[in-house]
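2 protein chains.
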Amino acid sequence: MEKNPVRSYFFIFGFILVGLLITSQVSAQERLLAPPLNLMPWPASINAAPEGGSLLIDPSFAVLLNDASDPRLQSVAKLFLDDLRRHTGMLPLNFKIASGSETGQFEIQSGAASKQPQQLGEDESYSLTVTSTKAQLKAPTTLGVMRGLQTFLQLVQVSSQGFAVPAVTIDDKPRFPWRGLMIDSSRHFMPVEVIQRNLDAMAAVKLNVFHWHLSDNQGFRVESKRFPKLQEMGSDGLYYTQEQIRQIVAYAHDRGIRVVPEFDMPGHCTAWFVGYPDLASGPGPYSIGRQFGVFDPAMDPTRESTYKFLDKFIGEMAKLFPDRFFHIGGDEVNGKQWDSNPKIQQFMHAHGLKNNADLQAYFNQRVQKIVAKYGKVMEGWDEILRPDLPKTIVIQSWRGQKSLADAAQQGYRGILSSGYYLDLVSPTSAHYVVDPFTGPTASLSDVDKQEVLGGEACMWSEYVSAETVDSRIWPRMAAIAERLWSPQNVTNIDSMYNRLSTVSQWLDAYGLTHNTQYNVMLRRMAGVDDVSVFRELIDVVEPVKGYSRYALAPAEPNSGTPMNRAVDTARPESMPAHQFSNLVDAFVSRSARPGVEAQIRTQLESWRDNAEKLQPLASKSSFVQEVMPVSHSLSAISAGGLQALDYLDHSEKPPAGWDQQQLTLVQQAFEPKAQLLLMVCPAVQKLIQFSAGEKPTELPIPKRASQ
Amino acid sequence: MEKNPVRSYFFIFGFILVGLLITSQVSAQERLLAPPLNLMPWPASINAAPEGGSLLIDPSFAVLLNDASDPRLQSVAKLFLDDLRRHTGMLPLNFKIASGSETGQFEIQSGAASKQPQQLGEDESYSLTVTSTKAQLKAPTTLGVMRGLQTFLQLVQVSSQGFAVPAVTIDDKPRFPWRGLMIDSSRHFMPVEVIQRNLDAMAAVKLNVFHWHLSDNQGFRVESKRFPKLQEMGSDGLYYTQEQIRQIVAYAHDRGIRVVPEFDMPGHCTAWFVGYPDLASGPGPYSIGRQFGVFDPAMDPTRESTYKFLDKFIGEMAKLFPDRFFHIGGDEVNGKQWDSNPKIQQFMHAHGLKNNADLQAYFNQRVQKIVAKYGKVMEGWDEILRPDLPKTIVIQSWRGQKSLADAAQQGYRGILSSGYYLDLVSPTSAHYVVDPFTGPTASLSDVDKQEVLGGEACMWSEYVSAETVDSRIWPRMAAIAERLWSPQNVTNIDSMYNRLSTVSQWLDAYGLTHNTQYNVMLRRMAGVDDVSVFRELIDVVEPVKGYSRYALAPAEPNSGTPMNRAVDTARPESMPAHQFSNLVDAFVSRSARPGVEAQIRTQLESWRDNAEKLQPLASKSSFVQEVMPVSHSLSAISAGGLQALDYLDHSEKPPAGWDQQQLTLVQQAFEPKAQLLLMVCPAVQKLIQFSAGEKPTELPIPKRASQ
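Which chain is which? The protein sequence lines are A and B, in order. The numbering used here puts the last residue of the first sequence at 710; the count rises by one with no breaks. The numbering used here puts the last residue of the second sequence at 710; the count rises by one with no breaks.
I should point out that these hints are in silico values taken from the structure, not numbers from a laboratory. Each hint should be verified, as a subset may be incorrect.
Stated by the list, open to error - Covered, in the sense of this in silico footprint (three residues per stretch, anywhere, with C-beta under 8 Å from a C-beta of chain A), are these stretches of chain B: (1) 81-93; (2) 155-168; (3) 495-508; (4) 565-575; (5) 625-637.
Treat the numbers as computed from the prediction; the structure is a model and nothing was measured. Every residue gets a Cβ at the ideal spot worked out from N, C-alpha and C, and that includes glycine.
Build the full structure now, drawing on both the sequences and the hints.
Structural data, given as structure tokens:
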């Protein structure tokens, strides 16, 4: 089926371009740079119809179901029509669901209803054929229908006749059966509507697992009826009722998404101990964690009462969350409470447990039996991997492909999260190049490779609130979703970025706030309506990377630290900086179109004046004041960049020392300020080097801003 | 208390400016043009603290309640802290509710809990004192506390120290006890979240009545358990469950808003007859209305079964909606079904009912008794006013101050809606000048004036969907709210517009989409990410006014007509056109600051090129194609405007006939196209007249675009 996927992918891409744009001479490069179809994830196989044309979406549009009596298919069709309304602004009443002898422009055939609850590995394949008169979607399961409908939606484009879908044939199926997003609702609580709109977006890019991190030191977020002090004393009143959980699970199921709950244990559970201090290994009382990091408190694995509690608790949660998998966390136990508790030491000695790892393994075995008793498969982070656990468990690797390969060789299934940590605010391309099968996993045997189920992106919430979380997940998540769904050879980064920009704005229709909240936050910080000068600056900065935000924080961050500053508003990846960088690359390669220099000059002139224009706002707003050093840097290096252009224009050699002085300035400008990085520094460095006759070099992100 | 409100208003305004901006010489004009406090509605009395200063809002901010045991006050304080979080981006955990001996920067004292359900005429007054160390809010009722908290929120501004509230003393109370917004959920259904975010915004501008138009020819929108066919057959599945109604009523109550349901009868009820055809005066079957306007079907007022049905129905709804008022509509019965039904004619003859108005009055009397039986006061539109109804009923006037005055003189209470129809997309100023006491009501005796309870804006939904409705209500609604709350002499239109622009963006924090959805819709129409050229055009157009949208529709509109075009996206009032008009007014008055001509020129140059720059998008999008004639008009008149500037610059007299030719062009450009008006035409006309040495005149909106 995929005998020569690389060639067919390129061939099809070009073919569609030719078919749709009626462009006869397009270079291979341009084909990938300007794809007219903004599909993400890119399908396994796609062909433009030889006859061309497109199917109009007008008010008479009707969906025809092969089995309108299947309530699951009915509800899938209704959700699809709602989505179609969002993406066209047409009204739901325009669109009909037909059945039997009626006609419809869009015929949907489902082989069988998908399972309830949804199972790992269910068939998600589909085939979609669109002609200028009708569309046909066939899938062996309702789940495949859902995936195909999302592809259809992404194909809807405005045309000279109104909304239309190009004639095309697609055969598609996922590369991995487990494609997930983890959201941490503990460190900062995420209200129901945040979860729901993220589930909408997940469905749009064909993700199928929502991993919900529901408890941690900073909060226990689920209502327990058996142990109500968990939420009453451990959540500041910010938790999900069981009714809300059921609603969200149903909401996810309607979108083909499994919900895997995580209750982290035996560490990361200070919030449990506020109401139930006897669970802990050290004496109480406990209070909800406000700082971040690894805490000492851990459950006492040596007392039978711990397991009695967990048996009742897991029994209750197993009913609430119908998914077959149950995540027990298991990460980052520092063992200090165990070390200092004589009874625990005595127990270890008596049971031949040589160290804390052995003790945790003992705990995991006990918990695994409880999880299994309630019909669930246990999942946990790398640390739980020990040969004494049954082969059914699943390892989620935050450490890398090595632990995934180790697990697979021992016969354990695993999913990759290392490289997909969205909270580290890396550029999309950095995530996009991470493949579950690179490094140690690439050399696994075919049989062992089967154990690698897929991957999951993680949105840890130390530095996001309900207001900012969307902007830290989207649009970057869509590229990871493509990595996990599309064939392994779909790797062109330019094509990804081109499609990503459209997908990002397309997600606005679901009420995601990653784009819309940007201006709202800028205006709130500036305290004025016209924020164009402020936005000009924030457009080209990014938050410091990795864990540097913590290291560079003006004060020890905690869960009450306001997240309303420039570092919270700036996007994880500055596209304007990207675009400027592309202009400069073209310019210094001497292959630039005419006008590129003028564009660079206009941009630099505007940036050069940024600090002067921004100063009046800064005197009235502490939030603007905070970023004035960045603005001054931008103005300074832009002035240098303009000098560089002047030297080039006059074919003049810069005076001795000028370049070194400017490069030092650029380096200083690239140092983090207000926890921000000025992302146009590398491009300006290239301009300066170019004008000085030096070979342009890459300017790496300063170390203390990248770790 | 308000002995010389005009003077004190001006005095205070100026005083605050001086105090806060440390500006010593400000003209009276500028005082009103640049108010630093963006309060809306403007309070009855406001004084800046003589010592100046401001109260910082930082993470330690705490609210101190005089009676923390009052659950109503607790929930009010919690909502306030949530709002404060929205407006500052700080987190809820930062803010505390203290009580008893603890301290708090914000002391709140409530005299008594407000009533449950909320009553008409409850005391809503409050006094608020802010110093640089603390704030104090005192009110006789929780309702007054709510109003004062909204004022406090509007005072929160960014400062050089972070968020702060200026030191100020405010004594405030509403002018009218009934300040409402009606939303029509029948012609287009408005989902729960649309209603909720509009309730948030209503509370923000101190409105206290949500009038909910729940049934009409196009849909019956409430679940009835006694007569389930009402919603099952009359709503296309788009209705509110009783549980949702209860949630919304509670949501409104928490925000100090009464919910008055309207079930329009005996006309406007085709949707009832789909499930219950026997209620009608003509033979069925009936189907849900799809077109708009006045329909023939009406309830049969002559059959006892009609009243038996209504007794049960109203009994059920009276429980669901706790408010004391119950709106029965009563408007626009054309009587055709009554005329053609022999049994009805016979009944009228037998009972001495001379005409259809008599018959409707008979119906209203019967219905009033049912409404009263369930403890409710009947409300209806102008048409229900007949001396045979008890004096308790309330008249909502869509016809004007005359019917309000007539009602008052007969001892009936009334509220004004004429002049406040938001669906007619009038400019804000047109609503702002409408006062319940102008014309016939102004000359009422003081006693009769008491019968005028206030006013209600109406959002009829023929031409709005859930996606566009916010943009047709906000921000204009805020100015009407000010009219109904603030002293009658608060009438400065420039000041209103200045504050309105800030209030509009401030409402974004509640998730209202009047600003955020604009770009989303533009991008959807254009099918590209960069919509700057398209936005430049749509920024300066407005939908045609009044009922012209119907008259100028390309095809008979119905409830399935897509509302995704430029006319749905363009704002009811173009602020960029306003600003351009102000520039031109300054320029032709020769009192302009230097640089104004350059600003006008830059703007005209950009507009002149609009059509050329927009053409490539138009060839790919039918939505852009539709507005190309408007773009061509913009380009053409901008070229003329530039010529006018050139003649002026060269002190040259334009050639004979040039001005007439240009003025004809401008008039053609101002003719509606694509149901849009190009709002910069009047200003360009002034430029042309000015350059030709003529006295600039106002260009009225063409008749067919204004009615």
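Okay, the hints, checked on the actual structure:
Coverage of the region 81-93 of chain B by chain A holds. Counting CB-CB distances below 8 Å, 4 residues qualify, and the rule asks for three or more. For the region 155-168 of chain B, the stated coverage by chain A is satisfied: 6 residues place a CB nearer than 8 Å to a CB of that chain, which reaches the threshold of 3. Coverage of the region 495-508 of chain B by chain A holds. Counting CB-CB distances below 8 Å, 3 residues qualify, and the rule asks for three or more. With 4 residues bearing a CB less than 8 Å from a CB of chain A, the region 565-575 of chain B meets the requirement of three and the coverage assertion stands.
For the region 625-637 of chain B, the proposed coverage by chain A is satisfied: 3 residues have a C-beta within less than 8 Å of a C-beta in that chain, meeting the threshold of three.
When the structure is compared with the earlier hints, no violation turns up for any of them.
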